[in-house]
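So the chains spell out like this:
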Amino acid sequence: MNPHFCAFSFVDRITRLEPGVGARGHYTIPAQLNGFPISLAAEAVGQLAAWAAMAAMDFEFRPVAGIAGRVHLLSPVQPGMVLELSADLKTAESDAVAYGGEVRVHGNTVVQLENCVGPMVNVRDFDDPAGVRARFDLICSDGAVPGAFEGVPVIPLGRMGGERGRSLSATLAVPAAAPFFLDHFPRRPVFPGTLQMQANLELVSWLAAELPPPPNGTAWKPRTISDVKLRTFIAPNDNLELEAKLIELTADSAIISVETRKQQRLTGSARVLLKSQEVR
Amino acid sequence: MTHNPPTQEEIMAVFPKVAAAMADALGCDLEKVKLDASLIDDLGAESIDFLDIVFRLERAFKVKIPRGKIVEESRGDLSEAEFENGGHVTAAGLDRLKAYLSEVPPERFPAPLSVAHIPRLFTTETFCKLVIRQQRAAVAEGSGQPA
Chain A
19 MNPHFCAFSF VDRITRLEPG VGARGHYTIP AQLNGFPISL AAEAVGQLAA
69 WAAMAAMDFE FRPVAGIAGR VHLLSPVQPG MVLELSADLK TAESDAVAYG
119 GEVRVHGNTV VQLENCVGPM VNVRDFDDPA GVRARFDLIC SDGAVPGAFE
169 GVPVIPLGRM GGERGRSLSA TLAVPAAAPF FLDHFPRRPV FPGTLQMQAN
219 LELVSWLAAE LPPPPNGTAW KPRTISDVKL RTFIAPNDNL ELEAKLIELT
269 ADSAIISVET RKQQRLTGSA RVLLKSQEVR
Chain B
85 MTHNPPTQEE IMAVFPKVAA AMADALGCDL EKVKLDASLI DDLGAESIDF
135 LDIVFRLERA FKVKIPRGKI VEESRGDLSE AEFENGGHVT AAGLDRLKAY
185 LSEVPPERFP APLSVAHIPR LFTTETFCKL VIRQQRAAVA EGSGQPA
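Those protein sequences? They're chains A and B, same order as listed.
Counting from 19, one number per residue, gives the positions in the first sequence under the working numbering.
Counting from 85, one number per residue, gives the positions in the second sequence under the working numbering.
Pulled out of the complex, with its shape left as it was, chain B reads as follows (with noise of 0.2 Å):
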């Protein structure tokens, strides 16, 4: 899988499907899912949401989407204890949470924040990227083009 991130023109590419996943799973209207809307503050996501956009989005792309698997993803090569300590993330994964998440302005992210914290951050660009990521895991293994 190429480390390179997402382009803007890869982001667009994608987000008016993943906007229609999102409105769809969350039961609101198209306009409101700005590209930097955040799921849990903005659009009023819950943990089953989450769950819903996730195998919309698998659907819609088909892609494999590793539900869950965000917050590992964003840790890279940082092990576990170098990421988090005692709930809270490290200011190494700090570091590293910021850079993955590029999307999110730096003020949105709270000191300390709390690993329970991480999916409040999430926007829709965040999805879009997932997306992006997964797509060009797929060409990278050759099952094919992405949808």
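So that you can see chain A by itself, here it is in the shape it has in the complex (with noise of 0.2 Å):
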């Protein structure tokens, strides 16, 4: 089994492909998983769009997460589901990528992506560029075995305080080692932008629960993460500061904005629209 398909791989199996332009492919989420973040899934749509763009610049170049104009966030993805994937590139190029691309899953739209772009680095400084092709071969050929996937490591915030319903911080210490880092990426570890935007929505978690409550029935829930910018490689080890704050709140929907720093730095932001939803 090659080890990256059981640390931070989302795409099993690569179906259509314009290098370029776009592709289809497909991942299962291992059935014996606990659960598994919707942020994943709109990683599996980022990878799939890597693919297609390192493809096109004959592995010379690859992709990192850096802008996301809107994640829509439709349904919770579960273990054992089948993520049909696409993405369709508007641009390819030596120094950034732009695309947008969804998530299915029996036919109906899960996750969905707009207007994401994503500055292009040197393959060579990040990975082993001929293990990478190795990789693409595999998962546009026979694919990976599904399952591999052994999950992400529970990550936990540190709550600092706040203005209760209006602003809340918190930290996030990325760990020295983790599984993940195997794989994003072998020669330079970098803390992955979903896990970023995973520990954002959970501090947004926090602070929906000192809303007023939505109407009878609902629950405050993410419905659209938008303006997503992630400004610098966040490594092992760094001490991230999280602030998530009330923008505009109506009886059913709510605007947090969620900024991360390093050493008082900005390293990333982004808007999360919170909808009130039924309470399944």
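Hints are computed from structural coordinates only; laboratory data are not their basis.
For every residue, glycine included, the Cβ atom is placed at its ideal position computed from N, Cα and C.
Take the hints with a grain of salt, since some may be wrong.
[Stated by the list, open to error] To spell it out: a stretch of chain A is covered by chain B in this simulated footprint if at least three of its residues, at any positions, have a beta carbon under 8 Å from a beta carbon of chain B; those stretches are:
id, region
1, 128–141
2, 152–162
3, 243–250
Two chains, two frames, some hints: make the complex.
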């Protein structure tokens, strides 16, 4: 078993590929997992786009997470589901790839990405180009054996404080070692942007719990993450400070901004739209 | 493509949409995005913001913006060696750059000027002019009317 597929690879197989234009593929969430964060479903689309971009760049450059205009979270994903992935590239050049895409389950869209941009970096600074190409060949032919992913370790947030119902901050200690660093990336470990996004969503859920309750029978749920911007690479052992602030509140929606800082420098930001949704 | 410099009227016609794209990309108030604001020094833009701004402008104006090619374009017919030497802009290059970035006051060009410093000179108007040049190019190529 290729260890990459146990760590942080979320495309089992590419079923259709037009280098520089787009790709289709799928990923099976291992049934034995306790859960699968929805941010990793978005990561799967980003990875599919990355394969289509790298194929167009002859594996000399690869995109990294940078900007996501909008990520619509339409329905949760569960272990055992087969994620049908699509990525459509607007451009794939040596400095950046721009793309959109979606995840479907049984034909229904569960996650949708719009206006995403990934700055390109040299593949060889982050990974072994021959190894990347071999993994690409595998997922374009037989495909990776599904079920290898072992999950991501829980990275707890340290609650700091804030103004009840208006703002909340927390610390996040990036682990010194974790399985996902072996894949993201072998030559230069980087804390994945989608795990930052997941941490942001957790902080937002804490702040949502302090908001006035939505209409009867409903609860605050994240619906769209917009204007996601990751400004720098986060390395193992980095200590981050997260802050969530309420921007707007109506009877059935709320907008919360989230910012991540490392030693006071802004490293990431996004806005999260919460909607009141029926409790199932 | 025509090489006539963009007119003030053309610049003011695109400015509201350019400013809106910049304010959205930088997460700042629209009022802060003045025509002569330096993206880096006044608005705090970083490299990822430049990418964000360019893609937002492409979507807003439905034109292709030549990313990272402002410097190349400003060089005109000067060769790279004529334009820069050892990472610094030559005297001939500086003349060309000052003409191309005519919206930037002369006192903002440090001497010597390193090539890496050039983006620090870019203002909101620089991007307005970039959009106008691309709109003209699109019209010249018959690919449609500017948005």
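Hint by hint, here is what the structure shows:
1. Remark: the region 128–141 of chain A is confirmed as covered by chain B, as 3 of its residues place a Cβ nearer than 8 Å to a Cβ of that chain, reaching the required three.
2. Residues of the region 152–162 of chain A with a Cβ under 8 Å from some Cβ of chain B number 0, which does not satisfy the need for three, so the listed coverage is violated.
3. Proximity of the region 243–250 of chain A to chain B, defined as three or more residues with a beta carbon under 8 Å from a beta carbon of that chain, is established by the 4 residues found.
Checked against the numbered hints above, the structure violates only hint 2.
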